[in-house]
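Quick note: to get the numbering used here, add 21 to the position in the sequence shown (first position is 1).
Incorrect hints may appear among the rest.
[To be verified] Simulated DEER-style distance windows between Cβ atoms:
no. : residue 1 : residue 2 : range
1   : D27       : T89       : 24 to 34 Å
2   : P47       : H70       : 11 to 21 Å
3   : S45       : W76       : 36 to 46 Å
Everything labelled a hint here was simulated from the structure, so no lab data went into it.
Heads up, the beta-carbon is just placed ideally off N, CA and C, and yes, glycines get one too.
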Amino acid sequence: MLLRNDPVGAFVDYPPIPIASAASGPLAGLTLAVKDLYDVAGYPTGGGHPLRREWSGGKPDTAPVVQTLLDAGARFIGKTHT
22 MLLRNDPVGA
32 FVDYPPIPIA
42 SAASGPLAGL
52 TLAVKDLYDV
62 AGYPTGGGHP
72 LRREWSGGKP
82 DTAPVVQTLL
92 DAGARFIGKT
102 HT
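Start from the sequences, fold in the hints, and give me the full structure.
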């Protein structure tokens with residue numbers, strides 16, 4: 022996770038992996054938290070199940086819907102619990 026402070030425990034505790042986003046676009050300057058149901062390259066996708074998270078490993082690709090948001094300038098900050 023890229024957040025340092027998560028007082029409500031909303032984020033899955035994954036090691037931080039930088040995810041590139043566009044420098045400009047309609048979502049530039051906004052942050053993006055992705056539900057742990059969607060693939061993000063380099064991150065496992067647990068879908069709310071701890072065992073699935075363990076065996077899913079890092080995904081090779083980012084889900085198209087997430088990539089669209091990144092291409093529009095949103096900055097990925099982590100995956101949230103399902």
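How the hints compare with the structure:
| no. | hint | in the structure |
| --- | --- | --- |
| 1 | D27 - T89: 24 to 34 Å | 26 Å, holds |
| 2 | P47 - H70: 11 to 21 Å | 34 Å, violated |
| 3 | S45 - W76: 36 to 46 Å | 38 Å, holds |
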